[in-house]
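Next come the chains, spelled out residue by residue.
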Amino acid sequence: MSSTAFVGQRVKRLEDPDLLTGKGQFLDDLKLPGMLEAAFVRSPFAHATFTEIDAAEARSMPGVIAVLTAKDLPPKMTGKRILLQVPHPQITYAVTQEPLATSEVCFVGEAVAVVIAESRHLAEDAAERVIVDWEPLPAASHCDAALKPGAPVTHACMTDNVAGRLSLGFGDVEAAFRNAAHVIEARYEPHRGTGHPMECRGVVAVYDLVSDAFRIWSSTQTPHNTQRAVIDMFGMAEDHVRVITPDVGGGFGPKNQVYPEELVIPAAARLLGRPVKWAEDRREHFLTTTQERDQVWDVSAAVDQDGVLLGVRGTLIHDAGAYLPWGIIMPYISATTLPGPYKLPAYRMAVTVAFTNLVPTTPLRGAGRPQAVFAMERLMDAVAQKLGLDPAEVRRRNFIQASDMPYDMGLTYRDGAPVMYDTGDYPEAQAQALSKAGYDDFPARQKAALAEGRHIGIGIGNYVEGTGLGPFEGATLRILTNGRVAIYTGAAAAGQAHRTTLAQICADELNIDVTDIDVVGGDTGVMPRGAGTYASRITVNAGSSVRIASVELRGKALALAAAKFDVKPEDVELTHGAVRIKGEQGDSVTFEELAKMTSGMPGYALPKGVKPDLEASGYFTPPQATYSNGSHVAEVEVDAETGQVKILKYTVVHDCGTVINPMLVDGQVQGGVAHGIGNALLERMVFDEDANPLTTTFADYLMPTAEIVPNCDIVHMESPTPLNPLGAKGAGEGGTIPAPAAIVAAVENALTPFGVRITDCPITPQRIVELISAAQDTTQEDR
Amino acid sequence: MPDALPKRTITLTVNGKEHSAETEDRYSLADFLRHGLGLTGTHLGCEHGVCGACTVLVDGQAVRGCLMLAVQAEGRQVVTIEGLANEDGTLSPLQAAFMDNHGLQCGFCTPGILTTLTAYLRDHPNAGEPELREALSGNICRCTGYDTIVRAALAAARTIREGAKA
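Those protein sequences? They're chains A and B, same order as listed. 214 is the number that our numbering gives to position 214 of the first sequence; each next residue is one higher, with no gaps. 141 is the number that our numbering gives to position 141 of the second sequence; each next residue is one higher, with no gaps.
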């Protein structure tokens, strides 16, 4: 039985000392001898064809080594597109990007050539002089309009913009609506934003001619996916492609893709025989790094006279952007997330995925869930308004109860397993959130504020989130000859403190300090198989693998020491970095000595009972997703003159099962809420009718700052899951998922005197003033 | 475009050490520190002056390294994240407070936040939360949601008031 000296504690991070002193090594910090730098030539049009690229002048410029177009790439790459991550039978046109476009570009920023030069500055100078004979074509600029008859098509070879259709549901929806006392209909439109890690993307590639092998560093969440894509593109053996993640400055989903640059830069390094680096700048990030959240929900709820749900039905249009690197899994997640913590007898959702001439959409912190929760929670608020009930009470009447667990929703989740909620107490989560938020006193607060001419409001957001998805994430543990313990894992960190979390799990099993452990992650060279850091899955998957491997390694260390002392394994025990014979004055042997024993001596047999494997590997394979949940309550003040929103108080009740490190989980939740505040109030990628992006700097696209994001009051409930040995669930995205729903509900509640209804987000000051003005006009017309 | 890009040699003090190095006239101070001097602790997050990741101290003032040209730093005293620790190499009160309060996650924006707060706390050791939040409003952090950064700054301010150097 392990002790818990570390698991559950607020252990300080092993990552911090380097990062606090400028010793981190991020992608753009890498400098290899002879390294060249790259700049890409990108499409200025959302949709265009071209036949000629004139790079003569660029090639003659100072410091320029090469300008490569699709024709200049190795023949093996000709006609190939990036590997599709998640195929699905309902995809109509499974199109991903070419490494460099050959004749057609489908969004602003798509790359057609790359300049390789002695410095990035010189490469950019030359990229400006590359001339392309563009033939602009009409562009699809919004997913709703893209599906209308006669809309411009995203790809010239297509006849319409349908990328895929899905229909899912359960129960007798028609009967539910026939028998309803009330039917509430609404259209909800969450808008596009993106991840914006503070470090943009980047790639460094080296090609070793002697061994025909690549070493590639990428600022990615998924080195193994990049490795797979490179193998697929170049037709190489696995052990000839090593992908390494240096320190990664945030991911949030968009770094979970394989991008053209991760294939073109290796190709250039091989062609030129020199290391090549490309570091994305923020403008490129706005143009080319994947985004998410444009959806149109037309949904109806059927309820009885008490506001109890009988059924929900509707349609969902999901904006895929120009390509499908992740297939159509996101709208699938959206549609399966919508029912949330509520008992829904009947449900039917028809999903249409639309291509548009915008940068592709892929999972972004929440991955289709914030939109689904926005639609469902707004619908619950609409039910409350219609029936004159308190929004909290409507939710209370519909919750799945703790006694209903495990709860089979009646849907199949994106992992192929049933949507089967494992553990959780949703009514209790809301009750605690309301209590902490002072919900019962709010009407009095609101009345008092209104008497002073201040508009304050309160809103609720509840959610259930499938986390910890498979297939697996492995870990190998080894006791080293210096006495330290190494954890090797495929998991790549981008700020989540994997080193600390995984070390905590291992330290408890081996009875050592976290500082005695080295964690090496995100390197295909140390771990041949890996999935990636997405879907709030690393603690569940890699953490469980570390636990499994730690238990095995513990057994091996005990057995080895027992053999050395010629005693039974049950007569020895682990002490701090050593194994000793139990009892007052028992002999002991250090980890260092044990590791050296297993190394043996040249030419000599190993001692009896000693095997050269003081290591253990674990590959935890979860049977299904494990479902985290939570309740958020936002209290806001809205300036009805300017539309400015101030968040006065933000309460989170969060249940991610067993908490390994509360400090880190608090950090994930607080940071996630900040992202959700961006989605609720600030962050929107705006495109014109020709699909040109209009928000391409942080002056146009506003990110949450310290003055906007309040300190969240966070409460942890712990409903351990039986689905993994830690009892843990994912925690990385829950902060974001219900925040837009809760905040927009609070803004609407604050504007009750004006009768404003809010159905989209982000809700900017300008939009709030428009809505107030429109509501007042309507009121006057009514008179 | 001229064949030869204009260059000149500049002399400046960085983290207490004098450097003389050649730079293209067009290089930003941040590019010069990173590529010219190899001080890669200063990070570039947007290169248009909004995110604050590249903030360094120039003659004690917090300055965006992406908006100042390297040649403008001629003769000046520059301090980067590599120069913030105590002389014996231990973490400064501010750096230590960031570790104690989980003031960073990915650590990419951290250099700019530490330099910004180093200057601010030196001048405003009595700052409270609202002032600190305003002081931080020019630095974007995507990971933390800022609260732990504010806690760290408040903790560091207490230490500094008790007599330690920022």
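Hints are supplied without guarantee of correctness; some may be wrong.
Claimed, not checked - Capping the alpha-carbon separation at 30 Å, the derived lysine-lysine pairs in BS3-like fashion look like this:
1) A:K386 <-> B:K7
2) A:K611 <-> A:K568
3) A:K608 <-> A:K568
4) B:K7 <-> A:K596
5) A:K148 <-> B:K17
6) A:K386 <-> A:K646
7) A:K649 <-> A:K436
8) A:K646 <-> A:K556
9) A:K386 <-> A:K436
Said to hold, decoys possible - Pairwise CB distance ranges, derived in the manner of DEER restraints:
10) B:D123 <-> A:D690: 31 to 41 Å
11) B:A21 <-> A:G525: 33 to 43 Å
12) A:T481 <-> B:T90: 26 to 36 Å
13) B:P130 <-> A:D208: 51 to 61 Å
14) B:T90 <-> A:Q25: 13 to 23 Å
15) A:G525 <-> B:G89: 50 to 60 Å
No lab work stands behind these hints, which were simulated from the structure alone. We treat Cβ as the ideally placed atom computed from N, Cα and C, and that holds for glycine.
Structure-based check of each hint:
1. A:K386 <-> B:K7: Distance ~71 Å between K386 (chain A) and K7 (chain B) Cα, so the pair is violated.
2. A:K611 <-> A:K568: 17 Å, holds
3. A:K608 <-> A:K568: 14 Å, holds
4. B:K7 <-> A:K596: 56 Å, violated
5. A:K148 <-> B:K17: Violated, at roughly 65 Å.
6. A:K386 <-> A:K646: Holds. K386 (chain A) to K646 (chain A) sits at ~27 Å (cutoff 30 Å).
7. A:K649 <-> A:K436: Within the cut-off at roughly 10 Å; holds.
8. A:K646 <-> A:K556: Violated, at about 57 Å.
9. A:K386 <-> A:K436: 27 Å, holds
10. B:D123 <-> A:D690: 31 to 41 Å: 49 Å, violated
11. B:A21 <-> A:G525: 33 to 43 Å: 36 Å, holds
12. A:T481 <-> B:T90: 26 to 36 Å: 30 Å, holds
13. B:P130 <-> A:D208: 51 to 61 Å: 56 Å, holds
14. B:T90 <-> A:Q25: 13 to 23 Å: 22 Å, holds
15. A:G525 <-> B:G89: 50 to 60 Å: 32 Å, violated
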